[in-house]
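**Q** Produce the complete structure using the sequences and hints provided.
The sequence shown begins at 69 in my numbering and counts up one residue at a time.
Keep in mind the hints are simulated off the structure, nothing from the lab. Quick caveat: nothing in here was measured; it's all calculated off a predicted structure. Think of the CB as a built atom: it goes at the ideal place given N, C-alpha and C, for glycine as much as any other residue. A couple of the hints might just be wrong.
Unchecked claim - The list that follows gives simulated cross-link-like pairs (lysine to aspartate or glutamate, EDC-like), each with its CA atoms no further than 16 Å apart:
#	residue 1	residue 2
1	K237	E262
2	K77	E103
3	K304	E251
4	K237	E196
5	K237	E212
6	K230	E103
7	K328	D211
8	K237	E181
9	K230	D205
10	K328	E196
11	K230	D211
Said to hold, decoys possible - Cβ-Cβ distance ranges computed for the label pairs, FRET-style:
#	residue 1	residue 2	range
12	G161	A348	24 to 30 Å
13	L82	F350	40 to 46 Å
14	A87	F350	22 to 28 Å
15	L82	A208	28 to 34 Å
16	D211	L82	22 to 28 Å
17	P164	S109	26 to 32 Å
18	S344	E103	39 to 45 Å
19	P76	D211	21 to 27 Å
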Amino acid sequence: MQILTAPPKDADALNAIYARTPHEGMFFSGLMRRERFDIASDYNENWSCASITWLSGGAEEYALSGARRPVTLLSAGALTLARGARYAYAALGDAPFRSNMITFPHWITDGAEQATLDGAHAGERRLETRLIRPGADLQALIDEIAFQVRAGLSDAQWHAEKCALLYAKLLDAQDARAAASNEISAVKASTRAELARRCGLAKETMLQRFADPGLSLTTIAREARLSQYHLIRVFKTVTGATPMQFLTMIRMDAALRLLKDTKLPTAEIASAVGYSDRTAFFRAFRKVHGCAPTAVGRAA
Numbered sequence: 069m070q071i072l073t074a075p076p077k078d079a080d081a082l083n084a085i086y087a088r089t090p091h092e093g094m095f096f097s098g099l100m101r102r103e104r105f106d107i108a109s110d111y112n113e114n115w116s117c118a119s120i121t122w123l124s125g126g127a128e129e130y131a132l133s134g135a136r137r138p139v140t141l142l143s144a145g146a147l148t149l150a151r152g153a154r155y156a157y158a159a160l161g162d163a164p165f166r167s168n169m170i171t172f173p174h175w176i177t178d179g180a181e182q183a184t185l186d187g188a189h190a191g192e193r194r195l196e197t198r199l200i201r202p203g204a205d206l207q208a209l210i211d212e213i214a215f216q217v218r219a220g221l222s223d224a225q226w227h228a229e230k231c232a233l234l235y236a237k238l239l240d241a242q243d244a245r246a247a248a249s250n251e252i253s254a255v256k257a258s259t260r261a262e263l264a265r266r267c268g269l270a271k272e273t274m275l276q277r278f279a280d281p282g283l284s285l286t287t288i289a290r291e292a293r294l295s296q297y298h299l300i301r302v303f304k305t306v307t308g309a310t311p312m313q314f315l316t317m318i319r320m321d322a323a324l325r326l327l328k329d330t331k332l333p334t335a336e337i338a339s340a341v342g343y344s345d346r347t348a349f350f351r352a353f354r355k356v357h358g359c360a361p362t363a364v365g366r367a368a
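**A** Spelled out as structure tokens, the structure:
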């Protein structure tokens with residue numbers, strides 16, 4: 069696996085990395101500040117790979133080819149990118165922040181699509197491009213890979229196994245989301261699919277705007293193009309949580325990541341995840357994570 073700790077200096081260096089990635093995979097963990105990359109005019113389809121990216125502090129913008137508006141990634145959740153997804157990238161803000169990406173080699177993504185021993189064909193089991201909130205086990209695996217890479221572990225077999233397991237977990241989580249969507253109470257499959265899509269819009273709104281202390285149920289419902297009543301009902305069915313419970317969990321995900329990976333003061337972290345009241349932040353953090361923010365081990 070290619071291990072990168074800084075963004076490439078020029079297009080030639082970037083292309084050299086792209087050319088090796090389909091065979092080797094890639095892990096990037098480095099500080100970003102105002103970097104920008106446009107969609108290459110000479111894009112090589114053979115270099116395309118599926119990826120997952122996340123960050124600590126700051127913000128990134130992904131202008132996906134064919135999408136109506138860019139995706140903003142903050143210190144909560146992660147963005148999965150399908151093999152073949154094309155995008156322009158921008159690191160937002162003036163302060164440097166840590167950005168991370170794991171790119172999967174073709175032997176992993178191709179393997180996920182091949183027939184199993186019992187003849188079942190995985191076929192459509194391909195990673196999608198979407199903003200997600202990783203579950204605890206998925207986040208733990210991402211963190212483990214990141215920690216070992218930063219610690220200098222260069223065992224190629226270890227990386228291969230962990231990345232294969234990570235890709236499988238991402239596909240399992242994707243399947244679980246689809247299964248939950250089928251539980252929506254609607255007669256027509258097309259209606260269930262549309263309601264699931266609108267529920268996804270609500271999630272994306274929260275993942276991209278959680279830092280706004282004024283983000284309300286009314287705003288989220290409007291972005292999802294649902295009434296507040298229907299949003300609560302559908303969202304609870306799909307996720308097991310109400311929209312505002314989900315928003316709190318997103319904010320606490322971001323707070324934990326910032327506490328672990330940055331040196332920001334606790335008061336600044338509270339503000340960065342949408343809390344103007346420090347007491348309310350401490351109370352929410354303890355309820356979700358079982359300890360006070362001050363009890364979390366900080367970045368060295």
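**Q** Against this structure, judge whether each hint is valid.
**A** Verification of the supplied hints:
For the suggested pair K237 and E262, the alpha carbons sit about 25 Å apart, so the restraint of at most 16 Å is broken. For the given pair, K77 sits about 10 Å from E103 by alpha-carbon distance, which is consistent with the 16 Å threshold. The hinted pair formed by K304 and E251 meets the criterion: a straight-line CA distance of about 11 Å does not exceed 16 Å. Restraint check: the Cα-Cα separation between K237 and E196 comes to about 13 Å, which is no more than 16 Å; the hinted pair holds.
Only pairs whose Cα atoms come within 16 Å are accepted, and K237 paired with E212 is accepted, the gap being roughly 14 Å. Our distance criterion of 16 Å between C-alpha atoms is broken by K230 and E103, whose separation comes to about 29 Å. Under the criterion of a C-alpha separation no larger than 16 Å, the hint pairing K328 with D211 is consistent with the structure, at around 11 Å. Taken as a hint, the K237 and E181 pair is honoured in the structure, with Cα atoms around 14 Å apart against an allowance of 16 Å.
Between the alpha carbons of K230 and D205 the distance comes to roughly 13 Å, so the proposed pair stays at or under 16 Å and holds. Taking the CA atoms of K328 and E196, the gap is near 28 Å; set against the 16 Å cutoff, the hint is violated. For the hint linking K230 to D211, the alpha-carbon distance of about 11 Å falls within 16 Å, and the restraint holds. About 25 Å separates the C-beta atoms of G161 and A348, a value consistent with the hinted range of 24 to 30 Å.
Between L82 and F350 the C-beta distance comes to about 43 Å, which sits within the given range of 40 to 46 Å. Restraint check, A87 to F350: a C-beta distance of roughly 49 Å breaks the suggested window 22 to 28 Å. Evaluation of the 28 to 34 Å hint for L82 and A208 yields a pass: the beta carbon distance comes to about 31 Å. Against the hinted window of 22 to 28 Å, the Cβ-Cβ separation of D211 and L82 comes to about 27 Å, which satisfies the hint.
At roughly 29 Å, the beta-carbon separation of P164 and S109 lies within the given 26 to 32 Å, and the hint holds. Our hint of 39 to 45 Å for S344 and E103 is violated, since their Cβ atoms are close to 31 Å apart. Taking 21 to 27 Å as the suggested C-beta distance range, the pair P76 and D211 conforms, at roughly 25 Å.
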